[in-house]
Amino acid sequence: MRNRDLSFWLFLAPVLLGLTLVVIVPLIYGTVYSFTDWNGLKATKFLGFENYLNLFHDKEFLDSIVFTVGFSIVSVVLLNILGLGLAILVTRKIKSNNFLRTIFFMPNLIGGLILGFIWQFIFVSVFSDIGEALKVDALQGWLSTTSTGFWGLVILTCWQMAGYIMIIYIAYLQNIPNELIEAAKIDGANSWQRFRNITFPLVAPAFTVSMFLTLSSSFKIYDQNLSLTNGGPFESTQMVAMEIVKTAFSANEMAYGQAKAVVFFIIVSIIALTQVYYNKKREVDM
Amino acid sequence: MKSKKFYAKMASAIAVSGLLLAGCSSSDEGGEGATSGDKIEISIFQGKVEFKEQFENLAEKYEEENPEIDIKIETVGGGTEYAPVLKSKFSSGDEPNIFNVTGPQDVIDYKESLTDLASTDAAKAALDGTLATVTDGEQILGLPFNQEGYGLIYNKTVFEEAGINPDEILSFEDLEKAVKTLDSKKDDLGLEAVFALPAKEAWVLGDHLANAFLAPEFDHDVMNSFNADTVTFEKGDEMKRFVDLQNEYSVQPVLSLDYSQQVEEYFSLQKVALIQQGNWIFPSVEQMDPEFAQNIGVLPIPVEGFEGSIPVGVPNYWAVNNNFDEEVVEASKDFLDWMYTSETGKEAVLNDFKFIPAYEGYDTSKISDPLSQDIYNYASEGKTIGWIFAGYPSNPWGTGVIGPNIQKYLAGEMTWEEVQADSIAKWEEERSK
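Sequence lines, in order, name chains G and F. Everything in the first sequence is counted per the working numbering, starting at 1 for the first residue and increasing by one. Everything in the second sequence is counted per the working numbering, starting at 1 for the first residue and increasing by one.
The shape of chain F in the complex, shown without the other chains (with noise of 0.2 angstroms):
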C-alpha cells in the first residue's frame, strides 16, 4: 500500500511542477497557420553563418516594401550542425516555412515538404546545370543559394617576382614546373614552402580534391554520382600524383595542418604561395591583410582534358515547405524571387552577400572581390569541372572514407592502390544497401 501512495504523490508533485514550468513558457506560437494577425509570417531557417546580418537587412527591406508581411529568419551554421537542427525541428512540429537542402539526399528525405518551384521567375533566371541536383522530372524542388569554387589560389606577387605566368599553367607538367621554380627560388621569395596542404581536414582531400579527379568519370553530373553502384578510379593516377605534389612541396607535418593555418598563417601572411582553396576564403584573407587580398587569383587544377578549368558548384538550396496554407507558401516563393530577380535583390546579392550569382541578369562586372571574380570567369567561359561530392554515398564517403585514407596514404600505412581499393569497395559496400 505504502508504493501506491509514493506513486500518487510523485505523479501529483510532477504534475504541480509541470503546471508551474508551462506558466514560464511564452505564448504559443500560433500553430499550423504561421498567420498572426494580419500579417503573413514567413519563418525562414537557414545554415549559411558568413551571410546572417546582411540576409536579414535584406528581409528588413522586403518587409518595409510589403508590410503584410513578416520574416522571421534564424541561422544555425557550420554546415555540420544545421542538418540536424533542421532534421528535429521536423520531427517536433516547428517546420520553417523557407529552409536549405544541400543535395540529393536531402532532397529524397525531405521530398513529401518540398513545394515545386518551376513557376518561379528565380527557377527560369537559373543558369544551365545548377538546377541538376533539385530537378525531380518536370518540377523544381529547390533554388541555388550561389555559385562557389575551388582551386588553385596563389599569390600574383610571388609568382610575378619569380617570373612566371599564371596564365600558361594549365597542364600538370606546367604546374609541376611553376612549382620547382618558387621551391628553388623560396629563400628569395622569403617562402617557407610552396604549398601548404591542410591534410588534417579530411574535408579538404576527400571532398574537394578527390572531387575534381572523379567528376569525369560521372560525367560531371551530381545524380550520375548520386545513383552509381560503383567508383573507378579512372584518374586515380593523375589524383595520386596531385596528392604527391601538394604533399612533397608543403609545409610539414601536413597531417596536423589545419584550414585556419593554411589560409590565415600561411597564405594570408605569404609564407606559401599557393593553395587548394575556394571563394570563400576570401573575407578571412581580407581580415588579416586587406592590400594582399586583392593581389590573389585562382589558377586551375590540372585534370587530363579539362586543362584550365575549376570545379564550380552550387553549395545549397532554398526549399519551401509545402506543409502550410496556399496563401504563406505563395507569400514564401514571392520572397525568395524578389530576392534573386528584384533590382533592390540583385545588388544586395552582389554587393552584400558577395555571392557569385547562380542566376541570370546580373551585372557581373560589380562582382566585389578578385577570387569571385575570376570564379565567375571560369564559369561563364564554361571552363568548369561538375560539384560531385554532394552524390557521394552517405557513409560519408568523402569525409569519412577517402578522405581519411588519403591520410593514411600520406602516413605511409596504405599504398595508393589500397587506398583506391578500400574507397571502391566501402563505396560498393554502402550502395548496395
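Excised from the complex, chain G in its bound form (with noise of 0.2 angstroms):
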C-alpha cells in the first residue's frame, strides 16, 4: 500500500471537491427531491414512492427505454464490427496508414450537436438531391418516419464513435506478437484461417472493452437525439435522456423527472459496474 501523507490528498482535494459538489451533491438532492412533489421552487408534501410507481405505466418513458434499447443494440454491434474492419484497415501495410487514422478519427472530434445538424442536412437535403438524381425512392423523406429516423442516428452514431473504437482496436491488434503470424504463414494458413484463429482470439479482450463503452455511451447519448430528430416524429425517436429532459423542463414535473433520472442512472451504473467487474476478470485470467 503507497504511503497516502497529506500531499497525497492536496494534489486529490480539487477534484475531489469538484467531484463532491458537481456530482455527488446533486445526486443526493436529486434522489430525495425524486421523493417530493418538487416543482423547481418549492416541494410541498412527501410523496414516498408514487413517483417510481407511476414510472410503470408513463407509456412514453416505457416507449423511450424500448427505442434506446434497440438503438443501443444495434449500434454497438455495428460499431465493433466498423471499429474492427477500420482498425485492419490501417494496421495493414499500405502508404496511407496515419493520414487514414486521423481520418477515422475526427468525427469524434466534433461536438453532438454540430454532427446531428450536419447530417440532418445530408439526410434531408442531399439524400433526397442523390435520389431524385438516382431514381432511388428510399432516399426520399429521410428523418420524417420512424424508421429512417432510427436508422440515421445509427449511422450518426457510427460515423462518430466508430474512429475512437478503431483506436482500441489498433492497439490490441499491434500487440499480437509478429512471430505467431509468421508461424501460421509457414504453416500454410492463409489470411481468413489467420484471422479466424490467431488475430480475432488475441483480441477479444478489446471486445469487452468497446462493448460496454458503446453501450453505455449509445444509452446516454442526448444530443445527438436533439439536433438531428429532436424526437419525430411525434416523439418517436425520442430516447430516455430526451424523455427525462422533456418532462422535467417542458411539462415542468421536476421531481417526476427526476425519478426517471434515478432510474436511468441505475441502469447506466449497471451497465458501468458489469463493464468493470468483467475489466478486472480479464485482467485477471491473462
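Do not rely on the hints blindly, as some may be mistaken.
As the list claims (entries may be wrong) - Pairs of lysine-lysine residues, derived as DSBU-like cross-links and limited to a Cα-Cα distance of at most 30 angstroms, are as follows: (1) K354/F / K52/F; (2) K185/F / K135/G; (3) K426/F / K42/G; (4) K354/F / K59/G; (5) K426/F / K45/G; (6) K42/G / K48/F; (7) K240/F / K185/F; (8) K433/F / K135/G; (9) K45/G / K185/F.
Said to hold, decoys possible - Some chain G residues close to chain F (C-beta under 7 angstroms, calculated; not the full set): (10) I130; (11) G131; (12) A138; (13) S250.
As the list claims (entries may be wrong) - Computed footprint of chain G on chain F, listed as stretches where at least three residues anywhere in the stretch have a Cβ under 8 angstroms from a Cβ of chain G: (14) 81-94; (15) 125-135; (16) 171-179; (17) 389-400.
The set of hints was computed from the structure by calculation and includes no laboratory data. Keep in mind that this is a model prediction, so the values were computed, not measured. Idealized CB from N, CA, C, for every residue including glycine.
Could you fit the two chains together into a complex? Lean on the hints.
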C-alpha cells in the first residue's frame, strides 16, 4: 500500500471537491427530491414511491426505453464491426496509414450537436437530391418516418464513434506478436484462417472494453438526438435522456423527471459496473 | 483507526481547497438590498434574445437620464431555456428585480414574488384584453411586452401574377380556390408548391394551428382555457380540413420540414407562396432578401364565424419582484413605465425593438415592417382570435400531445377521430390531477 500522506490528499482535493459538488451532492439532492412533489421552486409534500410507481405505466417513458435499447443493440454491433474493420485496414502495410487513422478519428472531435445538424442536412437535402438523380425512392423523406429516424441516428453514431473504437482495436492488434502470424503463415494458413484463429482470439479482450464503452455511450445519447430528430416524428425517436429533459423542463414535472433520472442512473450504473467487473476478471485471466 | 485518519485528512483537504477556490470567486454581489453605494441597482433577467442589444441601449439612455439608477441586464433566450434558468435563480436566492412571466401557470408559480403594478401608467395604457393573463382580482401582476400575431403570410407578387385578390380571401372556400389557382399555375409562377407546412415543429401544429380553431370554444380568453376541465373540438372538422389543405399543397415530406427550411429555404427564396407563421419571421426574411421582405402580407386563418380574423396575443409579460426594498421595487416600476410611456421609450419600442405596441398612445403609422403593420391593423379593427395556448394543460398539451398527434395523423398512423379523442383524454387527465 502506498503511503497516503497529506500531500497525496492535497493533490487529490481539487478533483475530489469538484466531484463532490458537481456529482455527488446533486445526486443526493436529486434522489431526495424524487420522493417529493418538487416543482423546481418548492417541494410541499413527501410522496414516497408514488413517482416511481407512476413510471411503470408511463407509456412515453417505456417507449423511450424500448427505443433506446433497440438503438443501443444495433449500434453496438455495427460499431464494433466497423471499428475492427477500420483497425484491420489501417494496420495493414499501406502508404496512407497515418493519414487514414486521422481521417477516421476526426468525426470524434466534432461535438454531437453540430454533427446532428450536419447530418440532418445530409439526410434531408443531400439524400433526396441524390435519390432524385438516381431515381431511388428509398432516399426520399429521410427523418420523416420512425424507421429512417432510427437508422439516421444509428448512422450518425457509427460515423462519430467508429474511429474511437478503431483506436482501441489498433492497440490490441499491434500487441499481437509477429512470430505467431509468421508461424501460421509457414504452416500454410491463408489470411482468413490467420484472422479467424489467431487475430480474433487475441483481440477478444478489446471486445469487452469496446462493447461496454459503446453500450453505455449509446444509452446516454442526448445531443445527437436533439439536433438530428428532436424526438420527431411524433416523439417516436425520443431516447431516455431526452424524455427525462422534456418531463422536467417542458412538462414542468421536476420531481417526476428526477425519478426517471434516478432509474436511468441505476440502469447506466449496472452497465458500467458490469463492465468494470468483466474487465477486472480478464486482467486476472491473462 | 486507519479509516478515521483517512476521513480526517480527506475532510481537511476538502476544506483547504474550498478556501482556495473561494479566493477565486469575485466579491459578494451585495445580497438582498441590491443597492451598491448610492446607486440603486436594478437587475433585469429577460428571455427575448432578438432585442437584447436594442434593449440594452435603451437602458443606457435611462441611466443617463437617471444617474442614480444602475441597470444590469441578463438575457437568456429561446423560450425553452428561460424558464428553468429563472427557476434556478429563484431557488438559489439570486433573484432578479424584473423578470418575465409567460402564462397563467407562471403567474401562479411566482405569485408570492409578484408586485401589483395596477398603479403604473403603463398598466393604465395597456390595450383592452392584453392584461387578462396577469390580472388577479384588482391586482395587475405583469405588463405586456408587445403584441404578436400569426396567419398565412403570403407573397404579394405571386398573388398579383396569378390574378388573385388577397382582400377577397376570407372563408375556407375562398382560400381553397386561391390555393388551387396557385397550384395550377405553379410552373409559370416558379413555385415548388403552394405551402410549406413545417410539420416537424410540434409548436406550429399544436400551439398555433390548433389555437386558431380552439379559441372560439374558450371564448378567446386564455383564463378560460387555463381553467377548463375539458376541450370539445367544436371546430375539429374545420381544423382537420385546414391541416389537410396545407398538407396536400405543401412541399413534401412535411414531417421532416422544419421552421428554418419553411421560412428561409422555401418562403424567402420564393419557392412557396404561403406559409402559416407570424410577424417574428420578418427579420429572417429581411436578412435573406430585403426587397422581397417589403412585399409580403398576412392573410387571415379561415375559422367559421370569425372570417377575416387572425390570432393576436401577448407572448410575454414583465413582472417586478417584490422580495426587495421598497426603493428598488419603485425604481423597477418607474423604469418599465418610462420604457412604455415616455417619448424616448415609445420611439425605441417602435423603431428599435420593432414591436407591435400593446399600449395606447403610439404613432402606429410608424410601425416599420409590413407584417407588423398588417397585424396591427387586424388588431385595431378588432378582427382577432384569442391566444389561448398559454392556457393549455402543462403536460405540455400543445407540443407534447396535440402536436405529435397531428404529426401521427399526417403520417397516417392515427385517424382524425383518434387525434381528437386522445387529445381530449390527455387534457382531462392532466386537469383532473
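Hints versus structure:
no. : hint            : in the structure
1   : K354/F / K52/F  : holds, 12 angstroms
2   : K185/F / K135/G : holds, 26 angstroms
3   : K426/F / K42/G  : holds, 26 angstroms
4   : K354/F / K59/G  : violated, 44 angstroms
5   : K426/F / K45/G  : holds, 25 angstroms
6   : K42/G / K48/F   : holds, 26 angstroms
7   : K240/F / K185/F : holds, 26 angstroms
8   : K433/F / K135/G : violated, 53 angstroms
9   : K45/G / K185/F  : violated, 64 angstroms
10  : I130            : violated, 16 angstroms
11  : G131            : violated, 12 angstroms
12  : A138            : violated, 13 angstroms
13  : S250            : holds, 5 angstroms
14  : 81-94           : holds (count 6)
15  : 125-135         : violated (count 0)
16  : 171-179         : violated (count 0)
17  : 389-400         : holds (count 5)
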